[in-house]
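For the sequence shown, this note's numbering begins at 13 and goes up steadily by one.
Hints are computed from structural coordinates only; laboratory data are not their basis. There may be inaccurate statements among the hints.
[Said to hold, decoys possible] With a Cα cut of at most 30 angstroms, we get these calculated BS3-like pairs of lysine-lysine:
1) LYS312 x LYS282
2) LYS312 x LYS274
3) LYS74 x LYS282
Values in this document were obtained by computation on a predicted structure and should not be read as measured data.
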Amino acid sequence: MTRRAVITGVGHYLPERVVENAEFEASLETTDEWIRSRSGIERRHFAAEGETTSVLATNAAKAALADAGIKADDIDAIVLATSTSDLTFPSAATMVQAALGMTRGFAFDVQAVCAGFVYALSNANALILSGQANRVLVIGAETFSRIMDWTDRSTCVLFGDGAGAVVLEAQEGAGSTEDRGILSTDLNSDGRYKDLLYVDGGVSTQNTGFLRMQGNQVFRHAVEKLASTANTALGKANLTAADVDWIVPHQANIRIIQGTAKKMGLSMDKVVVTVQDHGNTSAASIPLALSVGKQRGQIKQGDLIVAEAIGGGLAWGAVVLRW
Numbered sequence: 013m014t015r016r017a018v019i020t021g022v023g024h025y026l027p028e029r030v031v032e033n034a035e036f037e038a039s040l041e042t043t044d045e046w047i048r049s050r051s052g053i054e055r056r057h058f059a060a061e062g063e064t065t066s067v068l069a070t071n072a073a074k075a076a077l078a079d080a081g082i083k084a085d086d087i088d089a090i091v092l093a094t095s096t097s098d099l100t101f102p103s104a105a106t107m108v109q110a111a112l113g114m115t116r117g118f119a120f121d122v123q124a125v126c127a128g129f130v131y132a133l134s135n136a137n138a139l140i141l142s143g144q145a146n147r148v149l150v151i152g153a154e155t156f157s158r159i160m161d162w163t164d165r166s167t168c169v170l171f172g173d174g175a176g177a178v179v180l181e182a183q184e185g186a187g188s189t190e191d192r193g194i195l196s197t198d199l200n201s202d203g204r205y206k207d208l209l210y211v212d213g214g215v216s217t218q219n220t221g222f223l224r225m226q227g228n229q230v231f232r233h234a235v236e237k238l239a240s241t242a243n244t245a246l247g248k249a250n251l252t253a254a255d256v257d258w259i260v261p262h263q264a265n266i267r268i269i270q271g272t273a274k275k276m277g278l279s280m281d282k283v284v285v286t287v288q289d290h291g292n293t294s295a296a297s298i299p300l301a302l303s304v305g306k307q308r309g310q311i312k313q314g315d316l317i318v319a320e321a322i323g324g325g326l327a328w329g330a331v332v333l334r335w
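When you get a sec, could you build the whole thing from the sequences and use the hints?
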């Protein structure tokens with residue numbers, strides 16, 4: 013028998029405020045058509061005043077726990093992926109732990125920008141496979157609206173706020189590709205490309221800063237690296253793209269999503285797409301898409317899923333799992 017980390021619950025949370033593309037026309041030289049044609053984004057959600065990343069994360073966590081049918085104290089650990097934590101410290105994960113009333117276990121944040129959830133899921137999988145935890149709550153949550161330069165039309169129209177979460181639970185499998193749970197992971201980074209996507213401030217520089225991005229360069233790296241990491245992860249699991257039921261990609265840009273699917277030889281009919289409604293929610297985008305995909309009836313038990321993402325760093329990776 014083989015120990016596997018199986019998703020037993022999933023949930024998400026989106027702030028109440030919905031911002032349509034047309035809302036930007038009053039302050040920027042842009043149009044709804046311009047934004048849609050270049051990104052596929054139609055609308056996004058923005059957090060309300062006082063609605064911090066940990067608040068979004070807590071609401072998504074509650075939804076995932078309810079879906080799994082368990083309580084907070086049934087969880088051994090929380091791994092929260094975010095680049096927009098409430099405070100410099102402590103971690104947003106510990107804030108979620110307190111908000112859930114979880115009085116045992118441990119909690120920590122992972123920071124890999126848009127690839128954060130893939131990194132967090134990989135770390136949570138390792139905790140379970142090593143026996144350090146039996147149930148892990150894995151969350152991706154962001155309030156990117158707080159780091160936007162509202163005069164930069166090339167970036168501020170692309171991002172939104174939200175959170176998604178999954179419950180990972182240790183279960184025994186047969187050790188085959190038919191097992192439920194995480195079958196393989198692949199993580200990568202290359203710090204030489206820092207200047208392609210970054211925030212020009214931080215604690216050590218004593219300046220909050222804004223998000224800066226060289227969009228064309230990020231696009232060029234994204235399609236190649238996402239297809240490569242997805243195929244590598246599939247190879248580690250002794251699977252191929254032909255075995256995949258669903259790609260659940262980081263929801264950054266519809267053209268990146270389409271290009272990656274084409275490079276893998278897969279139809280868009282096998283891709284869960286939510287970018288039109290959420291924009292780029294960074295580390296939250298994959299768990300949001302998993303939750304929405306399940307709600308839509310797309311993702312069903314037994315489906316083989318590849319989740320892949322790339323973000324600032326550059327950092328990128330993929331996870332292969334059976335739902």
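Okay, the hints, checked on the actual structure:
{"no.": "1", "hint": "LYS312 x LYS282", "verdict": "13 angstroms, holds"}
{"no.": "2", "hint": "LYS312 x LYS274", "verdict": "23 angstroms, holds"}
{"no.": "3", "hint": "LYS74 x LYS282", "verdict": "29 angstroms, holds"}
Hint check: no violations occur; every hint is consistent with the structure.
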